[in-house]
Structure formats: C-alpha cells, structure tokens
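Novice: Starting from the structure of chain A, add chain Y where the hints point.
There are 2 protein chains.
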Amino acid sequence: MIIAPPGLKGVVVADTAVGDVRGAEGFYHYRQYSAIELAEQRPLEDVWRLMTDGEMPRTLAEREAFAAEVAVIRAIPSEILDVLPAIAAVSEPLDGLRTALSLAAAGRGMQPNIDIDQRVRRNDALFLCAVTPTLLCAVYRLRSGARPIAPRLDLGYAANYLWMMNGVVPTDAHASAIERYLISTMDHGFNASTFTARVVASTGADLGACVVAAIGALSGPLHGGAPSRALALLDEIGTPERIDAVVRPMIERGNKIMGFGHAVYRTDDPRSVMLRDVARGLGVDERSERLVEFAQAVEHAVVRLLGELKPGRPIYANVEFYAGLVMALCGVPRSMFTPTFASSRVIGWCANVLEQAADNKIIRPSARYVGPPPPQPCPPLH
Amino acid sequence: MIIAPPGLKGVVVADTAVGDVRGAEGFYHYRQYSAIELAEQRPLEDVWRLMTDGEMPRTLAEREAFAAEVAVIRAIPSEILDVLPAIAAVSEPLDGLRTALSLAAAGRGMQPNIDIDQRVRRNDALFLCAVTPTLLCAVYRLRSGARPIAPRLDLGYAANYLWMMNGVVPTDAHASAIERYLISTMDHGFNASTFTARVVASTGADLGACVVAAIGALSGPLHGGAPSRALALLDEIGTPERIDAVVRPMIERGNKIMGFGHAVYRTDDPRSVMLRDVARGLGVDERSERLVEFAQAVEHAVVRLLGELKPGRPIYANVEFYAGLVMALCGVPRSMFTPTFASSRVIGWCANVLEQAADNKIIRPSARYVGPPPPQPCPPLH
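Just so you know, the protein sequences line up as chains A and Y, in that order.
Under numbering that gives the first Met the number 0, the first residue of the first sequence carries the number 0, and numbering increases by one thereafter.
Under numbering that gives the first Met the number 0, the first residue of the second sequence carries the number 0, and numbering increases by one thereafter.
So that you can see chain A by itself, here it is in the shape it has in the complex (with noise of 0.2 Å):
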C-alpha cells in the first residue's frame, strides 16, 4: 500500500507523449516543441492537429486541409440548436457547455472505447472541439437576449471565434492575441480537468463522456475559474497610488492574491510572460495603454509585496494574471474568460484520452478507511 501525497502531488499516473511541465525551468511543450514557440509562430489550427494526430502540416497544402476540415464541423447540429435556448435560459457559458456537449455527443452516436475505429474517434475529438466555440458563443448571445451567430468559414479560429461572439469580424491584432492566448492555454500537464478526462477515458467511455466531465472540473473555482478575479483585482485597486494600500493588507490577512502563484512553476509562468507581450501590443490607444501599463505596476508591487511579507519562495504571476488582460482588450467580456480558457483545453484534453484510451488499465485507487471501526450491528429503530 502506498500513501500518496495530499493531491498526488509529483505521483506520476501514468506515461505520455502528448507533453510537459518543467516546472523548475519554467517550460512546457506539447509534443516535442516549446508551446511558447508554437503560439508565437504557427496559426491555431497547426498546433491542433500536432495535438491531435502527433504531427504539425509539413506543407501548406497539409496546413489548409487540416484548417479546411475543421472548420466545416463548426456549425452546431441541429437537435442541439433546437434546444439550446432551453439551455442558455437557465446556464452560464461553462454549464451549457457541458450540457450541450453531452447531448451532441449522444446525438452523434460516440461508442465506448471497445472494438471501435481510432479514426472514428479521431473525427469524433475535432468534432467536439469544432463545436465547443459555437456552442460557448451561442449561450452567450442567447443569455444576453441575442441571437447566436453561424461560424464562418472564412475566418480562422480565433477570428471567427470572436466574430460569434461579437457579431465584429475583429482586428488582426486582436484576433492574433486571442490565438496566442488559446494556444498557450491549449495543455498544461496533469492538472486536474485534464486528469479528469482520463480517468473517464480508462474506464472505455465515449469522448463525450470524458470531454464532459472535464468541463465539470474546470468549472471549480480552484481550477478554471481565476481570470476574471484577477481583473477584479485591478478593479479593487483602481490606481497605481492604491497598490500598496489595498494588496498590503491583503497579503498581511494572509489572503490569495488573485493571478499570483502556481502550483508548479518556481520561476515566471512562461505564459504570464507571453502574454504581458502580447498585452504591451495590444496598448495602441491612451486607454489600454494606460491599462497595460497599471497591469504592470501591479505585478511588479505584489512580487515586490509578496517577497518582502512572505520571504523564502518567490511568487510570479501566473498565466491568469495577464489573460484576462489580454481577453478584455479584445472585446472578450469577462462571462467569457473561463469559457474561453475551456475553448482551447477541450483540444488537449481530446488529445490526452485519445492516447489514454490506447492503454487498457482502469484508474482505481485507494483510500483510507477512518471512520467508526465496522462491523457495528445494525442498530434497532426506537
């Protein structure tokens, strides 16, 4: 019998290939490249079928095929539309989400992970993550008394992304922030939605059933839920002379400083370093720059903070602090942070149970019995 640590914290559960978390050196990659590299140099959908079939295109004849294929899936199938203001009438973005899916993936028939063709499988993960925008989007606008808006085929992921959501065909600049963000939100390790997912993925289960059971686990506030309380931060804050003032105290309360700190990175988040790039280009009118320039000064006060009141391990922004930035400065409204954040997870989670489902071990641990020792009789009713 082993006791693991609080969490599984460094157990390792299992093998892959589909990518890693330095944590010490501050690096993740997916597959055998630096994520990092990826958002910064590849379109969205190159990095999803490195994701999905293990390779990126080679050609550009691969790249637009790829692009092409997923993009004609994005559309929701009909005995979703028909039900979906039902859904949006009574659930945030997230929570529709894992409604719809879970009738989608019914509708289209997935089979369990028994005697079933991979490729099929294979169709059935891009079709889940094609429609997962849509369906964000559609809840969204129907939550706000408007109408949802088709998926075009013209626009690439991130643009026809914000396109559904907006109703604007966005700038490039803004469409090429919100890509980078998504792909470097796309996998992350073994946190906990993706662990979720194969967990559900060993027990031969459909990927519907996994991709929805993920969705539950991002939904926790410990997991998917910070972004948008990062900005709030900002908001509490208010103005740089308030910094000290309002986080001081906070960190004296002993309280979580919203966007800071990680479970695995000793060093700056790659990601938060990322995207406070991407930020400072974003700060192109007096505006924004001037909010980039807050987000900023912040940061650079609760490191500073956090080191002088809780000395011995420094503590970075993490990958929240500055996506929700970066969201804002697009036009993404901050309902959507979390959803956004599920847009692109979903196509590393379908990435993990595809290679899950490949072994045939179900996960069954143990636990540690503590309550009242048994056998106690049955006692009689008074």
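These are calculated hints, taken from the structure and not from any lab test.
Using N, Cα and C, we set each Cβ at its ideal position, and we do this for glycine too.
Listing some non-contacts, in silico: residues in chain Y with all C-beta distances to chain A over 12 Å:
#, residue
1, Ala149
2, Glu285
3, Ala296
4, Arg333
Derived coverage of chain A by chain Y (criterion: at least 3 residues anywhere in the stretch with Cβ under 8 Å from a Cβ of chain Y; other residues may be distant):
#, region
5, 90–97
6, 203–211
Derived coverage of chain Y by chain A (criterion: at least 3 residues anywhere in the stretch with Cβ under 8 Å from a Cβ of chain A; other residues may be distant):
#, region
7, 83–91
8, 201–207
Specialist: This is chain Y only, laid out in the frame that chain A set:
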C-alpha cells in the same frame, strides 16, 4: 517523484469515513455497518440517510421524516421535462441522465463549493439522487414511445422505481429484491466513477459537475457495463448441457468471462452471495426457478473450469452475474441494467463529494513524458 503502479492500484489517495472494501476478507461497509447487513435489514432510505448525513434514523419518526423529504423531490423540474423528449430522442437512458442532470444542476443554480452553506449542498445532493431514477425511467419510456410516469409519493424508493419504469406497482418480493440490489451497489470504495467525482469535487466545482462526470465514468464498459453481458452469457450457453462446451473454449482462448472476477475481491464477492440468495427467493414459478438453477450451474461450472484451466488465482462470480438475473426476474429490461446501477450509486457519489469538498486540496498528479525530447525548433512549412 513517485511512480504509481498502473491504474493507481493500491495507492491511497484520500482518507474517508464513507466506507471501505476489504477485498481479502470479502467484506465491505458503509460507515461502520456491513453493507450486506444494511441491504438485508433496512429500507433504502435509511441507508441513503446514513450515507448523506452520517447517521441512520434512530426512530420511526426520523425514518419517516427523511423518507418524506426525499419522496417529495422525485418529480422532474419543468425546465428538464420540456426538453426531455429531445434528449431521449438521441440518448440511451444513462447518457440522457448525464445531459438531464447537467441541465438540472444549472437550473437549480448550484454553486461552487466556495463559502457555500453546507446544508444547501446537502440538499443539492438529495435532489440529484431523488430525481435520478425519475429521469432514467422517463428517458427509457420516451424511447419506447411511451409517456413518462410521474413518481408516487406513497411508494418506497424501489417500488416507485419499478412503477415509473413499467407502470405497474410491483409485488413486494420484486420491490424488496431490487431494493436490496440498490442498497448493495450504493458505494464500493474508490472505484473509477467515485474517484472521478472526487477529482472534480477537489476543484471546488458544484455537485452537479461532480455527478455528471461520474456518470460518464460509469458509462465506460470496463466499469458499469457488464450486468447485461453476464445475462448474454447465459443466453449464449442456452441449456445446462452446453455449459462446458461453450465456456471451456472461451477460457482457453483467454476471453474474459462476463460476470466473473473482480479487481479487489480475492474471495466470493459478498454482493454476488447476497444476490444469489435474492435470486433463489425469486424462483417462484417453473420458468424463473429453472433460470435461477441454470445460473447457479453456470456459476459452478465457470468457477470450476477457471480453476482447472487458469490455476493459481481463484476467480469468483462478481456482483454483475446475479445482478442481471435479479433485475431480469423483477421485470427490469436489459437496457436499464447499468442505469439501475447508476440510480443508487449516485447516492455513494454524493456522499463522497460532500466529504471530498471538506478537503480543499486540488487533485493534480504528474505524468512522465516519453515522447521525443523537446525543445525542437518549429519546422518551416514546405
């Protein structure tokens, strides 16, 4: 870094007071009571209360109060009822339950487990468990072209379940047999679906997210999928004379024999022992008596042949072998076998989620990267 054994087998990932399985002794318990003793001596609602609140009712008044509390919340909320035909049109009962509960959790406005009144969460749990059998029966009936049947307040859990499924008030013998089956399958250590629910709970996600994820895990054929296949084995054999001729080549070919063997038990599965007795009690006419005798003959022959052809580790009938028989004898159709399992297991999931949520540590293990070494430069497009 700890390299865990495949499937986390034998790795203790949490402390629990919900219950435990002692595989070497052929014993399992809920809280401090033998699960089999509970199944034989208590109504399902008493055990449900034990799982959820930690204590069984001590007086008749307490029993009746809890039974009434969970009976009045059996009805399907209107936002689900309207959409249920669309769900049932494309979903098997278990997948339909996944979609419907996902929507129901949103409709109820379930909150993440952050600063939430724990009584609200407890009531969310009762709601999910109470509405589950109603949803399963409604989807099943809609798929057969019949109308859903409303729950009856004057019937206990099991009798009401069979009523909603078939539209006939069952005999006491059938209701009691199904009740014992349901109690005996409420919980069973850290199986894959229970563990899934706990991983999702560890992120602070709401109860609905946890249960929806667990349903997905249970839908995997390596986990919840065998009861009807065990009965299919009886069909395939057909008559007692053919047992050896059918089973021997299966074992020689190395096929898994459905309904035999268990990951944890090294003895008779205590559930199969109890369900064999339950089945015997249901052999009240010539046809059912012959079927029960045939099943026992198959059990003996399979155990004997496995001992002869695969010596070393004795293999016994598991819960699924007699579960299928008991359900069939009580008029549960095969398509409802795994859903019936889900209908009581949800009570165990919720007890585990409520317990896990008290521990704030997110479950985030590690993986060992085995792909080509990074970082390799992003290749150019040709």
